[in-house]
Each structure stands twice: as structure tokens, then as C-alpha cells.
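Participant: The residues making up each chain are set out below.
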Amino acid sequence: MGNTLRIGSTMNCDVLIIGAGGAGLRCAAAIFEKKPGTRIIALTKVSHPQKSHTVTAQGGMAAVDPRDPLDKPIYHMFDTWKGSDCTADQNIIKKIIDASWEQIAWLENHGMHFSRNENGRLSKRTFGGMTLNFGESSAMRAVFEADRTGKGIMDTVWGEAMKGGISFLNQSIATELIFRGDRCIGAIVFMEKEGEFAAILSKATVFATGGNGQVFRITTNCRQNTGDGLAVALQEGLPIMDPEAVQFHPTGIVGPGILASETLRSVGGILRNKDMERFMERYAPKMKELAPRDMVSRAIETEIREGRGILSPDHHIQHVWIDLRHLPDYVHEEQIPEVTSFFKKFVAIDPRKELCPVRPSNHYQMGGLPTNEFGEVQKTPQELIHGLFAVGECAAASFHGFNRLGSNSILELITMGRFVGERVVEYLEEPLDALPSGAGDRSSSQFSRFMEAKGKDSLGRIRDAMQAVMTEKVSVFRAEKGLLEAIEALQELKDRADRASLSSSSYTMNQELIQRWELDNLLRISMIIAQSALRRKESRGGHFREDFPERKDDFNYHTLASMSEYGKVRFGKRAIDMSLFESRGEHYEKFDMIERRY
Amino acid sequence: MSSDKDNKERIGKKMSRVYKITVKVKRFDPDTKKTWVEDYELEAGRILRFTDVFRKINNELDPSLAWNSSCEHGQCGSCAVRVNGKPLLACELLVENAINLFRTAVFTIEPLTIAPVVRDLIVDFDKAYERVNRAKPYLIDPSPIPEGESEYRISPRELERYVEATRCINCFCCAEACISSHKNFLGPNSLMASIVRLMDSREQAREERLELLYGEQGVYRCHTSMACSFVCPKEIDVAHFIALAKAGRFKAKGMK
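Top to bottom, those sequences are chains P and L.
Residues 604 to 1201, numbered by this note's numbering, are exactly what the first sequence covers, in order.
Residues 17 to 272, numbered by this note's numbering, are exactly what the second sequence covers, in order.
Isolated chain P, as found in the complex (with noise of 0.2 Å):
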């Protein structure tokens, strides 16, 4: 066992995916439809691209029908500008969006089994901050697969891309780049099942490794999502842009994570404290549980913080109730029957009976590997690292700002995906590399520190203590003083981190290795999301400073944080992209520094 550390193998393909959610299997058929027979391999850390997160997408997909006699494209931008807290980039918006009913009609043409109206055609529903003529009254424009529009997108692509002739690396990680001067030629890759590194060459590679919440202690995310790509390209020396814009869904079920949908709300759900309050009262008179998501998220954790949550005895953690028990029994089983039987199969209660728990629940990354409007990875704002891209929740080209909006993200997935699969076909005339010597190294000798060190501590413990950290310091709340303490505090758990043992020595599906792996890369991400919101001395977004409350116009502007040496963090910044608003076209003002208002 004791020579697997050297790469065992080495691969070669036209393009090398990282990561078979959606976004990463939807370039894919991409690739194969501009060019086919183009060798192409997916990599993922699941068992397969079918246990990617995408699969847990509910609600639905934005995109403007252009049969819509009320809904346009432009009332989409609008949205999604004023949803972002001005911070995404027009340039990108207005990509996507024109670009958003095409994509439907992809995925219908290949056999989403969409939801359907009487006419046969794409069923359409309402969602938070979906707006006709710039915020006036609410527009229809998700369309979706009953509750699981991820599924249905996940389940077309990965048969594109399996009928395309993809090979797929199931249960295997990336831990290094290859580079060739300023150009990726590959990846250094270790497969779990054969416990081995293999090189692979690659004339494009792409990241879609989704997201980071596993660095929270709940999370409506998978418990892959460990940030992995963004950890390795910070090893690389590359930047990560506005690492602090992390959304939180105010009503995770306690426990799971799982998302309790805003509708529990929106059909007269009421939240309450310890002493049956319903405390909204105090915090939006008006609004009360309809308020946004940001507004109702930190009610919450100020209920829980000011002593009047409830302490859950099977998870640890402090909650408050949605109480559902007076909605009439249609309500129930007609407009909520998915989120009801989540109470029911995961935390055994019967919302027409009894109180069931929520709290605030990590959702969504919005920053990211930096690209353009092509997915190519940037350097810095005016450099590419050529052949390298990033697409997905891994990437921020910026289409969501420091604020997404519901259902805005799988349809990023799915044009995205398809926009950088065709920019890679354009990379696919150029020669294979050879390996480079030295390719590795630091993955061999980042793996064999893991398996030698001799310390006694936990690697469930180090974790749980930097979820605690950043759950009570780094997320719905942030100050200059907490940020601080937790940045102290994520050095410690580093050390401790390089100290802790792991129990086997075999390298064949050693499931501690790669949570151990898996455990850097989280304090990594970690590091970087509390360094970069205790820089932004203001709020925008997801992104709340207590000392600070309101946006500034001096931080209009993206953060790029890189950090070759953990803790040691170099701060950079990128201009957003305002093109709608300076093309002085119809509508331009809208886009403008606007206040978001709701």
C-alpha cells in the first residue's frame, strides 16, 4: 500500500469536467452537440452524477415564456438586479436571461417531464420577487417538474451526456491543477474505490463542484458539498470572489436542513418563540411572516439569541416553531403535501397537530471561481488562466450578487453550462500536454501528512466545532468583534486539524481520508468567508454587519480573496458590470445603485 501515494495512471481526454451535477453534465452535452465524439471525462465525488445536489431542487426555473402576453425579459433582469443588492453583473444577467426560454425548450426537447397546463404546454407558477413592470405585481414565470425540477434537469442531462459517450469517474476527487506556464493542461485526481492518484491531460478542464455548506452546521445542503473546487483553486494561488455572499433560508427543518419552502408562509404559516409569540409582530407589523427572506432569518436568530428559542434535545440546536395547526385540511393536502410529509417522514411530526421546528438554514453560495460571461476562469480581472473554466455554484460570473433569487439558480446551471460548453469546443484544436514532472507532489505530500500524523484528536469534532463557529459567528449575524474571535478560532481548529490521526491506514475507500481532505478544504472556505465579511464594513444582501446595517456606495464593487497560505488572505476587488444601465436603452434607470425595497 505504501507506493499508491505516486500517480498510478495517467488519462487523457479533450476536456476534463470536475464535478456531474447539473451544470457540469449540461456542458457536457453541450460539447457533444457542437462537436461530436469529443472525449470527455466527468468526474464525482458521489457513487453517481445521479446523487448530485441538483437533485434536490424543488420549486422551479425562471425563464419569461415568450407566448406571455404580460412578462418580459427586461421585468426578469429588473428582478434579479434588485434581488442581487446591485452587486451582480448586468452583462451576465442579461446573457442568461435572454437566453432563459431557449434552455426550457432544451431541456423539454430532451425529455424533462415538465409539469403541464390543460393546453399540453409548461405549467407556471409565482415565486418570491418574480415581479411584472418592475415590481408591481407578481409574475408567473417558474415553470418546473411537480416538487423535484432538479431532478428532472439532473435525469436529462446525465442522458445527454451518457448518449454523447461521456466516461464518468464516480466516487474520485480532484486535489490539484495541472499547469503549463499560465495554462491548465489537467488534473491530479484520486480515485476512492482503487485508493489511487491518476494524472489526467485535458485540453479544457472545468470546475462545477457546487457548493460549500457543509461549512455550517444546518444546511439544506448535500453532505458532499464541501467547497472542494474553490479549496484547491485557493491552493493554485486563484481568487475567490465575494466568499462572504452566503444566503440563508429562514426555515430549514431542524435537524435534516431540509428546506421548508416559503410557501408554509405565504399560506399563513405563523412563526413563534419559546412563549407561543408570534414574533414577527415586532419585526414587521405589517408584513410579519411575508417579510423577505433576509428580514425573517435575522428575527429568528435575534428570538433564539435573546433566550426565547427552543433548545431541540435530538439536535442540539436552538429553534423556534411554524405553527400550522390552524390551515384547513385542504390547505394542507393541496398546497403544501411535500413540505407536510418532510415533518412527518424526518422529524415525526404532524404539522396539522403539533408545532414543527425551524431555524435559519445555510442555502446557497452566491460568490465563486471569478469568469466571464464564457465561464473562463480569471486570474485577475484582466487575465484568464487558459483552458480553465467554472460553472455552476462553484462560479460566479456574477449572476446572483450578494442575493439569489428563487429559481434563479437552476436556470444559471443550465445556460451557463451551455455557454461555457460551447467557449471549451474552441480549445478543443489544441495539442495534449505532456505531464508535467513535479505534477502531484503536493497532493502525495498533503495525503501522506494525513495518514502520519499521530495526534489524538477527531476530525467529527474539529468539524462540528468549526460548524458551531461559523453558525454562531459567520452567518445571518456578523460583527467585527465576532469575525475576529472566529477567525482565532479557525486557526486553532487548522492546527488541530494537522494533528489529528486518522484510525486505518488503508488507502482503499478510506472514507476518514477524504473527510479528512474534505475537513481542510471546509476551514479553507471557511477562513475566507469570515476574512472577506470582516473587510466588507457594510451590509449588502446575505451579507449582514450588525456594526454596520446599511449598503455603502463605496463597497459597490465584487471582493477577490485569494489565500495560498491558510489565514494569510489577499484582497483584490472587481468592478461590477453595470452595461444595461450604461447603454441608456429603454428602462436603464432601473438599473441603477437602487435601494432594495420591498
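Honestly, I wouldn't trust all of these hints.
[Said to hold, decoys possible] Under 8 Å between C-beta atoms, here's a sample of chain P residues computed to sit facing chain L:
no. : residue
1   : Glu711
2   : His713
3   : Glu721
4   : Leu725
5   : Met765
6   : Pro859
7   : Pro916
8   : Asp917
9   : Ile920
10  : Lys948
11  : Gln1114
[What the hints assert, rightly or not] Here are the computed lysine to aspartate or glutamate pairs in the EDC-like style, where the Cα-Cα straight-line distance is at most 16 Å:
no. : chain 1 : residue 1 : chain 2 : residue 2
12  : P       : Lys766    : L       : Glu108
13  : P       : Lys697    : P       : Glu1189
14  : P       : Lys947    : L       : Asp142
By construction, these hints were calculated from the structure, which means they are not laboratory data.
Cβ coordinates follow ideal geometry from the N, Cα and C atoms, glycine included.
Following the hints, position chain L against chain P.
Facilitator: Just chain L now, kept in the frame of chain P:
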């Protein structure tokens, strides 16, 4: 409000319950090829999921126990295992429910048998999926899109006939429970992947699908035990779709 007070008390009592459970895991070490059963005794709250129980074992008792999961809310099918012989999703089984269901606090956990074990509870999903891949889970040959339209039109009534089958997450619980031999039978979930596309008016490659369906490893291998429908975590009536195929409901052209 007295009802609220009652409720608080009731919830307080109900939620503080902790059970002592014994989890007997069938383990496998790929390096030594050794198989053994390891017993773990732990305390678990009533609403801990079995995936939480595995995590607790990792954190408190044995970090080396390998198990599989991803979404942990019944949407991906990664955590399928056998608990006291029954194939199910570990994320959907709560401790108290398990005690009531099996009338014991001793649980034997084994990996699925539909694919080789990689380590402990982790099986090789690549191998399991080979049969799904043979059923081609995509439109092989989409029919032309109607003139002047950008999408096909499918009435809700038409969709209703097969939409249940599209909810399949390939957890392989049905294949595990199936009494027909794994070797010679494509298996319920794989067959359903093809049947869905025979019922979908957008698919033209009907001959190819029928050949698979009525071929050597197709529906006639099914013994109609209906175990598939009985164990499906998504409560899909898998046997219904296989029965349609057996009844010859799918013809080469124009299904009615």
C-alpha cells in the same frame, strides 16, 4: 391558550426520549477481503435518522465505518441499505419509527447485494447502474417538434399515466427486494426507465425499447411478487408498470 400549554408539555416529553440501540453492521475490508459483523451500542434520540446514527458511530465510536449518503432526505437514493433484511433508505428511517416497525432495538445493517461491496456498507454503484444504462434512460430518437412550436405538447392526462414512474431515484431497493435472479433480469427500476420512455409520446425508438423489454432479460423474468412496489421508498407502484408491459400494452407503433 391551554391547548398551547398542553402542546408544549406533550412535545417536551415526546422529544426528550432517548433510546439505547444496538447496531450490528456487516463490514467488509477490501484489503484483507475479511467480512465480519461489528456491534455498536449507542444512545439515540427518537428522531435521529439512521444516517445520523452512522455519523454518530463515526464521531463517537468508530471513524472507520464506511457508509454512503448524499442528500439525506430521500431524493438521491445513495444511502440504501438492508435493515433487519428490509431494503430502505437510511435517511428516511428514524430511530423511534424503526423500533416500532421492527419491534426491537437491535438492528442488523447490511449493504445491498445487487452490486459488489467496496467497503462496509458501500456498494459499487457503477456496477448497479450498468443495467439502468442498458435500458437507455433518455430519448433515443426524439420525434420532430410540431411545426410552429418550440416544445412538444403533452396533456396532463397523458402525463398522468407515467409520471409516477419518472419519480424513480435509482436507489435499487426494488432490485434488492426482487425475487427474480439479479443476473438474468434487468430489474424493476431499469425496466421502468425504459417503460417511461415507451409511454412518452416524444420517443420514436419504440422497436428498440420493445426488444429490450421483451428480450432475454426483460419483463418475462419477473415473477410478479410485487416486492418492488412494496419496498419502494418513493411509493411508486413499480409492479403496475411492469404489469402493463406484461399485458402487452406497448406496441411497435401508436400506443393506446
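Participant: Does each hint hold? Answer for all of them.
Facilitator: So, going through the hints one by one against the coordinates:
1. Glu711: 4 Å, holds
2. His713: 6 Å, holds
3. Glu721: Holds. Min distance 7 Å.
4. Leu725: Nearest chain L Cβ about 7 Å off; hint holds.
5. Met765: Result: holds, 7 Å to nearest chain L Cβ.
6. Pro859: 6 Å, holds
7. Pro916: Holds - the Cβ of P/Pro916 comes within 8 Å of chain L, reaching about 5 Å at its closest.
8. Asp917: Given a least distance of 3 Å, the restraint on P/Asp917 holds.
9. Ile920: 12 Å, violated
10. Lys948: 6 Å, holds
11. Gln1114: 4 Å, holds
12. P/Lys766 <-> L/Glu108: Judged against 16 Å, a Cα distance of about 33 Å means the pair is violated.
13. P/Lys697 <-> P/Glu1189: 14 Å, holds
14. P/Lys947 <-> L/Asp142: Not satisfied, since the Cα-Cα distance of roughly 33 Å exceeds 16 Å.
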